[in-house]
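> Spelled out, the chains give:
There are 2 protein chains.
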Amino acid sequence: MSVESVVAHLKEREQDAVGRLVEWLSIPSIGTDPEFNAETRRAAEWARDRLREIGVDSELHETGSAAKPGHPIVWAHHPGPDSYDGPHVLFYGHYDVQPPDPIELWESPPFEPALHPAIPDGPGERVVARGAVDDKGQVATFLEALRAWKEAHGEVPFKVSILIEGEEESGSANLTQYLHDNADTLRQADFCLISDTGMLGRGKPAITYGVRGLVYTEVILHAADQDLHSGLWGGRCPNPISELTRVLSRLWDEDRRVTLPGFYDGVGQLPQTQRDAWNNLGIDSLASLAEIGLGPEANVGEDGFSAVEREWARPTCDVNGIWGGYQGAGAKTVIPAYAGAKVSFRLVDDQDPAVIVETFRRWLDEHTPPGCRWEFHDHSGGPPATADINARYVQSALRALKLAGGVEPALIKSGGSIPVVGLLKSILDLDTVLMGFGLEDDRVHSPNEKFELDCFRLGMNSHARLIAEFAGLE
Amino acid sequence: MSVESVVAHLKEREQDAVGRLVEWLSIPSIGTDPEFNAETRRAAEWARDRLREIGVDSELHETGSAAKPGHPIVWAHHPGPDSYDGPHVLFYGHYDVQPPDPIELWESPPFEPALHPAIPDGPGERVVARGAVDDKGQVATFLEALRAWKEAHGEVPFKVSILIEGEEESGSANLTQYLHDNADTLRQADFCLISDTGMLGRGKPAITYGVRGLVYTEVILHAADQDLHSGLWGGRCPNPISELTRVLSRLWDEDRRVTLPGFYDGVGQLPQTQRDAWNNLGIDSLASLAEIGLGPEANVGEDGFSAVEREWARPTCDVNGIWGGYQGAGAKTVIPAYAGAKVSFRLVDDQDPAVIVETFRRWLDEHTPPGCRWEFHDHSGGPPATADINARYVQSALRALKLAGGVEPALIKSGGSIPVVGLLKSILDLDTVLMGFGLEDDRVHSPNEKFELDCFRLGMNSHARLIAEFAGLE
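Read top to bottom, the protein sequences are chains U and R. The first sequence begins at 5 in my numbering and counts up by one. The second sequence begins at 5 in my numbering and counts up by one.
It is worth saying that the hints were derived from the structure and are not from the lab. These figures come from a predicted structure and were not determined experimentally. Treat the hints with caution; some may be incorrect.
A pair holds if it fits inside one copy or across any two, identical chains being indistinguishable in the list.
Derived lysine-lysine pairs resembling DSSO-like cross-links, with alpha carbons at most 30 Å apart [said to hold, decoys possible]:
(1) K72 with K406
(2) K429 with K336
(3) K336 with K72
(4) K336 with K208
(5) K429 with K15
(6) K72 with K208
(7) K336 with K15
(8) K154 with K72
(9) K406 with K336
Pulled out of the complex, with its shape left as it was, chain U reads as follows:
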């Protein structure tokens, strides 16, 4: 068995692979919207059937309860040849997609995938559809690699378990329970492989070896038991909006460090070698700012760290939403009964989400404005996770990616949080390698989401070569 013949097969049958992707993308699996429950299940069945077609045992596992059913998990297991002595890989992906709103901004219908040619100074040849890159298109690169091995050589030559969930875009509500319920089975895997991240840039393949953790809370500050007239009450009672702004503003000091006591306790020193490696990646943070309409003066963040260091290695706190009082047109002179905010923390290293939640809650209590009281909700999140870049499977992925892409791949981290990565680590002690093929301009979660065919090809070839690495085949 030769991997080159598998790659040749992928090239020859590329139109079929694209056709299958288009078919999957046509199913509006908007998991978060109950109106699309049937379609969401259909997208799961589609994946199960494609796996069965290539001889991989696959079934749907129901989730949730009878009272509150979840979306099924596509589960598959393939033992590989008897002679296989490589790692047992757990592949994770998701078949649900974000809602397409605002629908009017789509240039073609989100669930009628459109194939576009490359445009000068713009995107390459690409498929435009909701889910194109997040995550159906990327999962498809893995499924197509399995299929190519099967078609070119008669069998999928490695040991793999596959878990494709349908609730990633709505918070993976049932995944934790599933991981606990199936811990004995899942623990047999050696590591997890995920394709749901991006490259360093066009033509710059990358392995993501760590993600930040997340704590996401909602805080509501209550004052009077009713809305008040600001003329009659202004200046003689607590205004929960004014007070909330005063409290929230104290979350950061002048150096933009988070002021929660002990917040940085679990944060490790960033080794100079690490800083050097990242700074040598050629990331142009000012160019990134320019792409979102910001000048160099917007390059703000924690003192003493570069933009990439802030994103990958430093914790942070953001207010993701705020509300209170009158938000309509014109004037309303009200002092509202309450004001609220969504406050999140991105975590790194050994920061523990549960500890941070408790610290924040205590800090709020200590900063309660006179006459006010807090309402607090924890919307959960996940721990940070970082894989050892010297681990065998990370090195395998680097080699496969280099062979497929023809250039030295980058080792990067992500400032985002992929809860499953932390859950796999904390529940099953599994490390994760993220081999993703997205580009920064892919419009993830936005109208006109796309996946470039160059990236799709690179994904299929990389996965095909990674399978060869595992199986010790050349």
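Put chain R on the given structure of chain U with help from the hints.
Positioned in the frame of chain U, the structure of chain R alone reads:
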């Protein structure tokens, strides 16, 4: 003609008066919301028609421009008998009402007036509806007094001009122009009478001789030109919500004084005699707080002043609304493109709204967070105003109120802002006496706004007696 027979007539026909009020309150004249433009006009027509019914010449005066039409002003003039030699009174009121949100907190629909019986230790017999006390119900006490004079004696026995506007709750945008355009006519009045304020308490009638001024602005802080993923961008670009809270929190110092440069320049010293007079009114500020669900620890405000002094004699700054990012259920990890707030200032003495607006705008510019820019809107307001308590019409009002209420009325000020009071003074040199009948628990601008029938009765009787004062009738 005897005022006692007019008062008797009012008592006899009270159900009719309440019925008319209910009819007016049923018209959702939410002037600030263009969707209610037709209803707002209908409320104006309703008042015009009621005036015509009692032989008072009345018409609608259009406001604004063809491009940006305003709500009509109900204008009426009645010369009174030839023999009349009392003051020419200008009565001002407004027929527009605040938006009813949050609608879900209303116990009965805001525009389906509900009549409730008195409850022990609670409100008296009352009508619950948006606008019940602010200001339709109070305007109705004046209209019903006119009607009672007409019905009981065949004529309205004094010289009165009436101006009922439809933009009070949205900043009286077109009133200034209207006052300028009609200055010659309006200047013929001797003073202005308004019923849009409150009593000192249940059974404690009061004349209000001064109001605070108002500046109402909207500030929007823009950062990136698109919403961002807080995982990828958190900690390395400006978050407009976090930045907005930091800037707004600097509007007050630790003593809760406003930090705008020169803000207190126009604020006079509060004379000890004034402080003594107010402190002798027996106002229980802690009891007021208890009525809105707050304990004594909520008695906060500018250092060195009592609650009543803060409300009547001290300027203040409030955030009346704030918004940005995700406000829905659960979590969305977004850094929004912008965040905004409604920020208002209450003014006293010689503070000039135009100067404060400019000072605030400059202050914002000086506090622009790196990489951000401000969008600024002035929703206008009005200057503060105080009348001479020894003026003839103030004394007439005190006598009428004493006769109607059976107790010595109090002389008070209001922390609220009635822009027209300042405009009448600055444009037409007209002083204003505010004879209002609201109670502190009337839920002005809040859900379940009410007007107690005792207050409605007192208002009708007081106006009937005030008319007798003017006409020299007993």
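> From the Cα coordinates, with 30 Å as the cut-off, is the pair K429 and K15 best called within, between, both, or neither?
neither (36 Å within a copy, 79 Å between copies)
> Checking K72 and K406: alpha-carbon separation at most 30 Å within a copy, between copies, both or neither?
neither (45 Å within a copy, 64 Å between copies)
> Measure nothing new, just compare the shortest in-copy and cross-copy C-alpha distances for K154 and K72 to 30 Å and report within, between, both or neither.
neither (38 Å within a copy, 68 Å between copies)
> How would you label the pair K336, K72 (within, between, both, or neither) given a Cα cut-off of 30 Å?
Between copies only: 20 Å across, 38 Å inside.
> With identical chains, the pair K336 and K208 could be close in the same copy or across copies; at 30 Å between alpha carbons, which is it: within, between, both, or neither?
between (52 Å within a copy, 28 Å between copies)
> Please work out whether the CA atoms of K336 and K15 approach to 30 Å or closer within one copy, between two copies, in both situations, or in neither?
neither (60 Å within a copy, 36 Å between copies)
> My question is about K72 and K208: at a cut-off of 30 Å on alpha-carbon distance, are they close within one copy, between copies, both, or neither?
neither (43 Å within a copy, 55 Å between copies)
> Between copies, within a copy, both or neither: which fits K406 and K336 at Cα up to 30 Å?
For K406 and K336, the Cα distance exceeds 30 Å both inside one copy (60 Å) and across copies (34 Å).
> Which holds for K429 with K336 at a C-alpha limit of 30 Å: within a copy, between copies, both or neither?
Classified as between: cross-chain Cα gap 24 Å, same-chain 50 Å, threshold 30 Å.
Hint check: violations occur at hints 1, 5, 6, 7, 8 and 9; the rest are consistent with the structure.
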